[in-house]
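Assemble the whole structure, with the sequences as input and the hints as a guide.
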Amino acid sequence: IWINPWREPFKVTDFNKPLADLMEEPGFKARLAIAKALDRDLYLKRAQFGRGVPAYGTINPAMGYFFDDTLGESSNQRFDLAEAQRLLAEAGFPKGEGFPKLQMLTIPSNRRESQVVVNILKVNLGIEIELITKDFPVLIDDFDTMNWDLVRLGSGGDYDPDDGLVDWMLTSSKFNGRKRDKAQYPFGFFSEQEVDALIEQQRQEADLEKRKALVQQANRLTSDKVASAFLYHPSNVLVYHKQVNFPKSSRIPGLIDLDRVSLG
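All residue numbers for the sequence shown refer to this note's numbering, where the first residue is 1 and numbers rise by one.
It is worth saying that the hints were derived from the structure and are not from the lab. Watch out, some of these pointers could steer you wrong.
[Said to hold, decoys possible] Cross-link-like lysine-lysine pairs, in silico, DSBU-like; alpha carbons within 35 Å at most:
| hint | residue 1 | residue 2 |
| --- | --- | --- |
| 1 | Lys182 | Lys45 |
| 2 | Lys210 | Lys174 |
| 3 | Lys134 | Lys95 |
| 4 | Lys212 | Lys182 |
| 5 | Lys101 | Lys17 |
| 6 | Lys212 | Lys174 |
| 7 | Lys11 | Lys174 |
| 8 | Lys17 | Lys248 |
| 9 | Lys182 | Lys248 |
| 10 | Lys122 | Lys95 |
| 11 | Lys210 | Lys248 |
| 12 | Lys134 | Lys182 |
| 13 | Lys17 | Lys242 |
| 14 | Lys101 | Lys122 |
| 15 | Lys242 | Lys45 |
| 16 | Lys101 | Lys179 |
| 17 | Lys17 | Lys95 |
| 18 | Lys248 | Lys212 |
| 19 | Lys212 | Lys242 |
| 20 | Lys179 | Lys11 |
| 21 | Lys11 | Lys95 |
| 22 | Lys179 | Lys212 |
| 23 | Lys210 | Lys101 |
| 24 | Lys242 | Lys95 |
| 25 | Lys11 | Lys182 |
| 26 | Lys134 | Lys210 |
| 27 | Lys134 | Lys122 |
| 28 | Lys210 | Lys122 |
| 29 | Lys17 | Lys182 |
| 30 | Lys212 | Lys11 |
| 31 | Lys134 | Lys101 |
| 32 | Lys95 | Lys212 |
| 33 | Lys174 | Lys17 |
| 34 | Lys45 | Lys101 |
| 35 | Lys174 | Lys248 |
| 36 | Lys212 | Lys45 |
| 37 | Lys101 | Lys182 |
[Said to hold, decoys possible] Here are the in silico distance ranges between beta carbons for each label pair:
| hint | residue 1 | residue 2 | range |
| --- | --- | --- | --- |
| 38 | Val261 | Leu42 | 32 to 38 Å |
| 39 | Arg111 | Asn245 | 35 to 41 Å |
| 40 | Pro108 | Arg178 | 37 to 43 Å |
Beta carbons are placed, not taken as given, at the ideal position from N, Cα and C, and that holds for glycine.
Below, the structure is given as structure tokens:
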């Protein structure tokens with residue numbers, strides 16, 4: 001769930017601060033409250049019928065070696081309803097009182113699952129969100145120009161962590177407000193100098209163990225600083241004949257990879 005840092009009540013115009021300093025800002029508290037109020041297990045049960053795992057960053061299980069399966073235990077975004085409600089109150093909206101009615105953009109195929117998100121945030125925080133459905137070409141134009149409050153939009157997985165970091169989390173990423181008015185919005189949905197440096201480092205690191213550490217450090221920073229309220233990593237239902245060898249490394253949600261598939 002993308003949260004526009006240029007809109008009230010979750011406005012954050014500079015992420016280049018220690019996390020402790022960001023935690024003192026009302027806009028960041030509102031962002032974090034939304035992320036921490038997302039009961040991802042409940043969402044998966046109601047919206048995805050259990051098909052998926054909770055997400056706390058862009059590095060997903062399909063990336064195998066680079067995936068941090070402990071992030072959910074320590075991420076700043078881990079589900080904590082009492083803490084989310086406290087943060088929202090400190091941001092100036094106790095029990096959601098005075099919180100402006102916002103709009104969340106989504107595409108037609110995601111409307112039902114997005115309604116689950118809207119309901120969770122209403123019950124847990126007392127905030128009202130209007131769901132706006134747009135065809136993908138229209139929605140993505142709004143997304144690219146930063147013409148939105150919230151957007152429910154995901155991305156397919158890939159083997160390489162560049163798919164989750166380079167494509168999305170760099171200040172210069174191709175999806176990071178690329179058509180925005182740069183005089184009005186110096187960056188798109190997220191910009192953090194340490195994250196940029198870590199991503200560039202991991203792109204050039206040949207040592208897998210060192211690259212993994214850089215990837216996970218960048219992923220943790222984007223999680224803790226709420227680059228997005230990360231929701232879930234989807235799982236695909238695969239049915240194939242027992243004579244087909246379909247290795248786990250090829251099972252990437254949203255992609256069909258037959259390079260390693262063979263017949264036994």
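Unmet hints by their number, sorted upward, for this structure
The structure conflicts with hints 1, 8, 9, 13, 23, 24, 26, 28, 32, 40, although it agrees with all the remaining ones.
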